[in-house]
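Visitor: Protein chains in written order, with this note's numbering: chain A, 1 to 341; chain B, 1 to 124.
Quick caveat, the hints were computed from the structure, so don't treat them as lab data.
Since the model is a prediction, treat every value here as computed from it, not as a measurement.
The reader is advised that the hints may include incorrect statements.
Selected chain A positions facing chain B (in silico; Cβ < 7 Å) [what the hints assert, rightly or not]:
id, residue
1, SER178
2, ALA333
3, LEU337
4, VAL340
Yeah, the Cβ is synthetic: ideal placement off N, Cα and C, and Gly gets one too.
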Amino acid sequence: MLMEAADSSTASVGAAQAADEGRHHIRHLVPHDPLFVVRIVLMSIYGLVYIWWFRSRGLIIDRISVGISVGIFLSCAFVGKPWRRWGILVVDAALYATMWFCYEMTRGAGDRLGFPYQVEAPRNIDRFLFFGTDPNVWIQQRFYEPNDIRWYDGVASSTYYTHFIVPVIAMAVLWATSRVQWVRFMKRFASLLLMGCIMFVVMPTVPPWMASSRKYDYQLFPPLARHTGRGFQDLGFHGFVKGWQQALDWGNAVAAMPSLHTAFSLFVPAFFLPMIKPVWLKAVVLMFPVVMLASLVYFGEHWVIDGIIGAVVVGVSFLFWNRVERRQRRVRAERALASVA
Amino acid sequence: MTPPTILLDRTFLAALADASHEHADRAGERYAALVQRYRDHEIRLRARQDHLAEIDQSVRRTLLAPVERISVARQFRRQADRLDLPFGVEPDVAVTLVVMRRESIAGIASFDESFDQVAVERIS
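Kindly generate the complete structure, drawing on both the sequences and the hints.
Guide: Listed below in structure tokens is the structure:
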């Protein structure tokens with residue numbers, strides 16, 4: 001009966017579509033709201049200023065500056081929207097800020113809660129995965145030139161720094177364009193951060209650069225160069241690198257497992273993947289986390305297993321929420337269908 | 001990625017919620033098909049908040065569980081008042097047209113034939 005109803009419904013829709021000629025298109029009857037153009041102009045100006053700032057002063061990365069920057073963008077995007085939408089935006093923003101605050105606090109405290117530091121275990125897993133070779137050492141021995149910045153240093157460095165802007169840009173754009181998608185994104189993202197924080201607390205993991213440094217007792221292999229900023233500096237982004245080094249002082253040096261750099265670089269493409277139609281483009285987009293992980297290993301920032309676990313955490317977050325959302329739809333639909341019957 | 005919305009109009013909601021309504025059977029049949037599509041994530045079902053408020057709460061929680069509310073802002077009503085339509089419609093229909101425009105909705109489940117004058121997908 002339901003299938004018949006669906007067919008019949010489609011038929012009536014089809015008939016209506018056939019009669020489209022001579023009917024009035026809704027966009028001709030109802031003009032855009034008067035401030036639509038203002039919003040577009042303001043967002044364009046914001047984009048230009050952001051690019052200018054990035055080029056001349058460096059990338060905005062500390063949480064407070066990013067928060068202010070996103071706030072300005074959203075103010076531009078919401079000009080002329082109903083007050084209720086503004087109210088929802090304020091509540092969303094408060095939750096968003098709370099999420100980052102909890103993340104920063106937990107991550108920052110993760111190395112002081114008494115759980116044993118992981119040093120040998122990630123290294124041994126990496127050696128197992130790479131047939132007895134330390135991938136960080138191998139890649140630096142072959143590609144790192146202390147006195148010469150190669151093209152791939154620029155690529156790796158740029159990829160590394162996208163971590164600080166790509167997820168935020170994705171969130172801000174979704175926030176401005178589709179709250180439904182923003183909520184979907186944030187549920188998955190917050191779950192990813194939660195799992196990350198739990199692991200930072202339970203398994204504080206010493207990163208390869210620290211495991212090799214002369215400043216620490218581990219010294220598992222010859223010292224690795226920690227050169228994340230070099231390629232970017234070579235491209236002329238000095239202000240950014242300085243800012244980033246300052247930001248690093250607030251961090252937790254043993255929050256290597258899971259690699260949120262890898263996780264974020266997979267998360268954003270994975271979220272938008274259903275929107276991308278060409279298979280080749282999907283493949284290109286999915287190369288991003290691979291390049292990110294290779295860069296992290298090259299810089300001595302992460303073990304390979306950190307990146308793999310980061311990707312697994314992203315997968316778990318997506319699977320969990322996909323299942324929850326499917327179940328919600330099914331439960332609501334069954335409730336409605338039972339009432340119809 | 002976000003499935004298209006089908007807006008449930010006041011006339012459709014009224015027929016759906018009232019078993020003695022002249023279009024009750026037809027509305028139930030159409031709604032069941034829409035709910036199937038909702039479950040398969042092919043469409044979103046939405047209705048104006050002021051229209052939903054006219055329906056008994058217990059019905060909203062069960063029969064209309066998949067239906068999301070759309071708040072009708074005062075600025076929507078002001079714009080509807082100012083509309084210069086080439087055909088006559090009830091003020092409430094004008095508000096619905098503004099809502100559909102603002103929320104980018106191209107489909108409506110309604111028994112109101114006024115919507116036939118507009119190039120939207122009408123399910124009835």
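Visitor: Evaluate each hint against the coordinates.
Guide: Evaluated hints:
1. Contact between SER178 (chain A) and chain B, as hinted, is supported at the beta carbon level, the nearest pair being about 6 Å apart and thus within 7 Å.
2. Given hint, ALA333 (chain A) at the interface with chain B, holds; its Cβ is 4 Å from that chain's nearest Cβ, closer than 7 Å.
3. For LEU337 (chain A), the interface hint holds, since its Cβ comes within 7 Å of a Cβ in chain B; the closest pair sits about 6 Å apart.
4. Taking 7 Å as the C-beta cut-off, the interface hint given for VAL340 (chain A) holds, the closest approach to chain B being about 5 Å.
Figure legend: structure checked against the earlier numbered hints; every hint is met.
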